Structure formats: structure tokens, C-alpha cells
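All chains, please: the whole structure from these sequences, using the hints.
The numbers in our numbering rise by one with no breaks, and the one at position 156 of the sequence shown is 190.
If you're looking for bench data, these hints aren't it; they were derived computationally from the structure.
Everything numeric in this text was worked out from a predicted model, so none of it was measured.
Certain hints may be false.
As the list claims (entries may be wrong) - DSSO-like, lysine-lysine: derived pairs with alpha carbons at most 30 Å apart:
#, residue 1, residue 2
1, Lys190, Lys200
2, Lys79, Lys200
3, Lys83, Lys227
4, Lys210, Lys227
5, Lys227, Lys170
6, Lys125, Lys139
As the list claims (entries may be wrong) - Cβ-Cβ distance ranges computed for the label pairs, FRET-style:
#, residue 1, residue 2, range
7, Asp105, Glu235, 41 to 49 Å
8, Ser39, Ser109, 37 to 45 Å
9, Glu199, Asp94, 25 to 33 Å
10, Phe119, Thr156, 51 to 59 Å
11, Ser197, Glu128, 34 to 42 Å
12, Ser121, Glu213, 46 to 54 Å
13, Tyr64, Gly206, 31 to 39 Å
14, Val164, Asp105, 47 to 55 Å
15, Thr146, Asp105, 15 to 23 Å
16, Ser84, Leu118, 25 to 33 Å
17, Leu217, Asp105, 48 to 56 Å
18, Phe102, Trp174, 27 to 35 Å
Cβ atoms here follow ideal geometry from the backbone N, Cα and C, with glycine treated the same way.
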Amino acid sequence: SYKVSTKVDAPPASSNDTPSTPAVSAEPDYNLPQVTSETHPDPNKWYNKSDAKFKWELPDDVVGVSIFLNDKPISDPGPNPDGLFDSKEFKDLENGIHYLHLKFKDNRRWGTIAHFRIMVDTNPPEPFEVNVKETKVGTWPIIEFETEDGESGMLKYEVYIGSLEKQAHEVGVDIKMLEVSELNIGKHTAIIKAVDKAGNERIST
35 SYKVSTKVDA
45 PPASSNDTPS
55 TPAVSAEPDY
65 NLPQVTSETH
75 PDPNKWYNKS
85 DAKFKWELPD
95 DVVGVSIFLN
105 DKPISDPGPN
115 PDGLFDSKEF
125 KDLENGIHYL
135 HLKFKDNRRW
145 GTIAHFRIMV
155 DTNPPEPFEV
165 NVKETKVGTW
175 PIIEFETEDG
185 ESGMLKYEVY
195 IGSLEKQAHE
205 VGVDIKMLEV
215 SELNIGKHTA
225 IIKAVDKAGN
235 ERIST
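Right, here's the structure in full:
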């Protein structure tokens, strides 16, 4: 839209005048889709699901939808509508970070593009060994363990002594060891469960 008015001459500038910065007014989002995902609801959380489902509500004046999924945070899904639908499912996604790009078209023009991030990690942590540190006679044993996760990263370790049915000792990823106490005389089995941020697990004994 244009506004036509009479010409007004600006007053002459003086040496005391301080240059001012014009106000910048950004156009509000136009027909911005509100995207949600029942499989990957939190964009800041990793999930061990390779199939992703998205949905959104269609305004009454929308006549077309353009959609695209890639690994770039900002992308335009394109100038041509892909149809008129309110949900989409992508199967067998690779591990990593993906972005859904979606925009609506009405009788006037294309709307603002929405971007929705999902993070996929279906691989467990790397295999690892459990070692018993040599200690002095009469002291409790110290168990050492460490592994890595290539996608989401490590979340925690759970240490079980004797059985997975017993209460676990939770160990942070920066500690990687546990002194085991209050054991009866005899042989014991230490079970270490390494858990990544997507919930994948690797067990070593």
C-alpha cells in the first residue's frame, strides 16, 4: 500500500543536531503455520525414533501447502504447492538433526515459512569394558568404565551389582567410576548400563 501526501521540506540541520536512527518496523508473520509433532514434540530433545509425524491446522482461506525436510535450519520449500493437507509423515530418517519447512498459500500470496527441528538418534553408545581398579587390601573395589555416543551424547551411567532388579547407582558422565561398598564375601557381578540422551542403552558386565 502507498500513502500520498504533500511535500514537506525538512528544517535545516544545525551543528547541534544529533543524527537519529529511523525506527525499523518488521512486517508481522503472515499465515505462519503452527507445526507440532507427536513423535518428536520437543525440538531441543533427542529421540530414538526414525519415523517422524508432523501436523498443523489449516486456516479456512488456505488453498495450498508447500513442505520440505532437510538438514538446514532455514530453507524455502519452493514456489509450487504440494497439495492441501494438515499432516505429513517421514519414514526411516537418518540419524542427525532435521528441519521441516512449511508455508501456506491463500488467494493473495504465500505466507511466512515455519521451521521445526527434530533430532534423531537410534544408535546405542559405543561398546566399552568394565575394569576393577587395583586397590589396597581391606578397601572396597572401585569400578571404572567409559564410553562415547556419536549423535546425541552421553546422559548417564547406571551401575547394578548382582542383578538388574536391584536399585541402580546413577553415575554422571564426567565421573565414570564407582566405589562399591557393603558387599558380602564372595564373587559379585557388576552390570553397567550406558544411556545416551535419546534413551538408547549399551550394557557391559
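* Which of the numbered hints above does this structure break? -> Of the numbered hints given earlier, those the structure breaks are 7, 9, 10, 13, 14 and 18, listed in rising order.
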